[in-house]
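Novice: Each chain, letter by letter, is given below.
Number of protein chains: 2
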Amino acid sequence: MQTPTAAMLVIGDEILSGRTRDSNMHHLAGALTVHGIRLAEARVVADDPAQIKSAVQALSAGYDHVFTSGGIGPTHDDITADAVAAAMGAAIDIRDDARAVLQAHYDRQGQELNTARLRMARIPEGASLIDNPISAAPGFTIGNVHVMAGVPVIFEAMVASIMPTLTGGPPMLSQSLRIVRGEGDVAAPLGQLAAEHPEVSIGSYPFHRDGVHGTNIVVRSQDGAAVDAVMGALARLFPDAG
Amino acid sequence: MQTPTAAMLVIGDEILSGRTRDSNMHHLAGALTVHGIRLAEARVVADDPAQIKSAVQALSAGYDHVFTSGGIGPTHDDITADAVAAAMGAAIDIRDDARAVLQAHYDRQGQELNTARLRMARIPEGASLIDNPISAAPGFTIGNVHVMAGVPVIFEAMVASIMPTLTGGPPMLSQSLRIVRGEGDVAAPLGQLAAEHPEVSIGSYPFHRDGVHGTNIVVRSQDGAAVDAVMGALARLFPDAG
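From first to last, the protein sequence lines are chains A and B.
Following my numbering, the numbering of the first sequence begins with 1 at its first residue and continues without gaps.
Following my numbering, the numbering of the second sequence begins with 1 at its first residue and continues without gaps.
Quick caveat, the hints were computed from the structure, so don't treat them as lab data.
Don't take every hint at face value.
What the hints assert, rightly or not - Derived DEER-like restraints, expressed as beta-carbon distance ranges:
#: 1; chain 1: A; residue 1: Arg108; chain 2: B; residue 2: Gly232; range: 33 to 41 Å
#: 2; chain 1: A; residue 1: Gly169; chain 2: B; residue 2: Ala188; range: 44 to 52 Å
#: 3; chain 1: B; residue 1: Ala195; chain 2: A; residue 2: Ala226; range: 54 to 62 Å
#: 4; chain 1: A; residue 1: Val180; chain 2: B; residue 2: Asp131; range: 21 to 29 Å
Don't be surprised by glycine CBs; every beta carbon is placed ideally from N, CA and C.
The task is simple: from the sequences and hints, build the whole structure.
Specialist: Right, here's the structure in full:
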């Protein structure tokens with residue numbers, strides 16, 4: 001089967017201002033790779049309804065899955081649910097199933113489900129809820145768009161909740177070789193090897209560490225035998241590598 | 001004056017596969033904020049010429065500046081320079097000024113400027129070079145697109161090289177208040193304050209640390225007096241904050 005594709009949309013002024021460093025993209029990238037879904041693009045946009053709407057529409061049309069993070073809390077700057085509903089042409093209001101989840105959570109905590117917290121029960125019509133085992137307020141899936149929280153521990157729990165529901169392709173396999181020679185020295189034989197083996201993807205990543213500078217070669221394919229064959233050819237090309 | 005806008009384009013399969021965690025976006029975000037340029041969007045795309053070209057065209061048309069990172073080394077997977085040239089409708093070939101920079105560097109190092117390394121002298125017609133004090137191979141600016149290396153230490157040096165050449169607006173000022181109450185408890189008064197003060201941006205960021213859960217409120221504006229005034233109002237609303 002064809003490997004499904006995905007895009008991520010990170011939503012939040014705090015990422016673009018440099019106040020906060022996003023970690024959700026890196027987490028999702030790793031989880032999707034293991035699951036056999038290819039993350040093909042990621043975007044970061046501000047807390048701006050028009051920007052969120054147009055990014056969701058572009059990514060939803062372009063890829064099999066879209067994953068968003070951020071902007072689904074109780075405060076005035078949490079506008080993701082409404083912007084995604086608008087993007088997908090769905091009505092949105094407080095939904096009884098989401099309200100029941102929140103009511104049970106705040107009852108257990110002895111806290112009030114006030115008007116602000118009820119905002120987190122605004123879920124587009126037709127969406128299914130994504131479980132939040134940390135703080136109850138659910139994410140949701142509408143069409144091919146999965147809307148999740150920005151707080152990393154909650155985002156990661158939501159990814160764990162939905163991943164088993166998604167159909168992945170054969171996982172991407174990779175092996176790497178560390179060569180203590182600069183990229184400029186390995187580029188010619190490496191380029192020839194890559195041209196001879198279009199069935200694998202060969203990446204080249206320079207490193208400079210503790211005064212040593214060299215190149216990490218990464219060979220990737222869904223076909224383990226193809227990766228093995230190219231790794232063998234690399235070992236013959238660079239017999240001094242380790 | 002209007003605050004100039006910027007977008008970033010991170011280029012590299014290794015970011016999307018989860019192998020490498022990007023740090024350049026966070027660095028650029030901070031540098032632009034200090035310089036009075038607003039980072040309005042960021043994208044991550046694969047080492048794919050069509051994807052790079054269409055992202056560069058969209059971002060170049062949409063924002064005052066575009067900053068790219070990654071894909072300008074000597075190996076077969078370094079395709080950014082050619083893809084950016086195609087996006088901007090410029091011819092590209094080995095340029096004498098870039099070749100001279102590389103020749104001087106490899107002469108000093110006693111290494112050969114071979115065919116692979118000469119790829120790094122491929123610069124679009126009409127572009128100006130961006131200095132690389134670490135490993136010589138230059139970045140370049142064509143139109144409003146600034147093309148830089150992916151290796152963080154080199155990316156950061158290139159950002160430092162070009163930032164003084166860009167005209168920023170008044171820098172964005174921010175102050176923050178830490179409140180040991182959940183977002184759901186502060187949301188209503190905070191939303192009202194935000195509605196009363198459209199001249200500032202008020203962000204709300206939940207935290208959970210060492211068993212304490214609370215909310216960081218961040219007030220941002222180019223007008224320092226407006227930030228001060230809203231911080232005063234916040235202190236009156238939440239007298240127990242610290």
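Novice: So, for every hint listed, does it hold in this structure?
Specialist: Results for each hint:
For the pair arginine 108 of chain A and glycine 232 of chain B, the supplied restraint of 33 to 41 Å holds, since their beta-carbon distance comes to about 37 Å. Range check, glycine 169 of chain A to alanine 188 of chain B: about 47 Å between beta-carbon atoms, so the 44 to 52 Å window is met. Range check, alanine 195 of chain B to alanine 226 of chain A: about 59 Å between beta-carbon atoms, so the 54 to 62 Å window is met. Between valine 180 of chain A and aspartate 131 of chain B the C-beta distance comes to about 28 Å, which sits within the given range of 21 to 29 Å.
Going down the numbered hints, you'll see the structure goes against none, and every one checks out.
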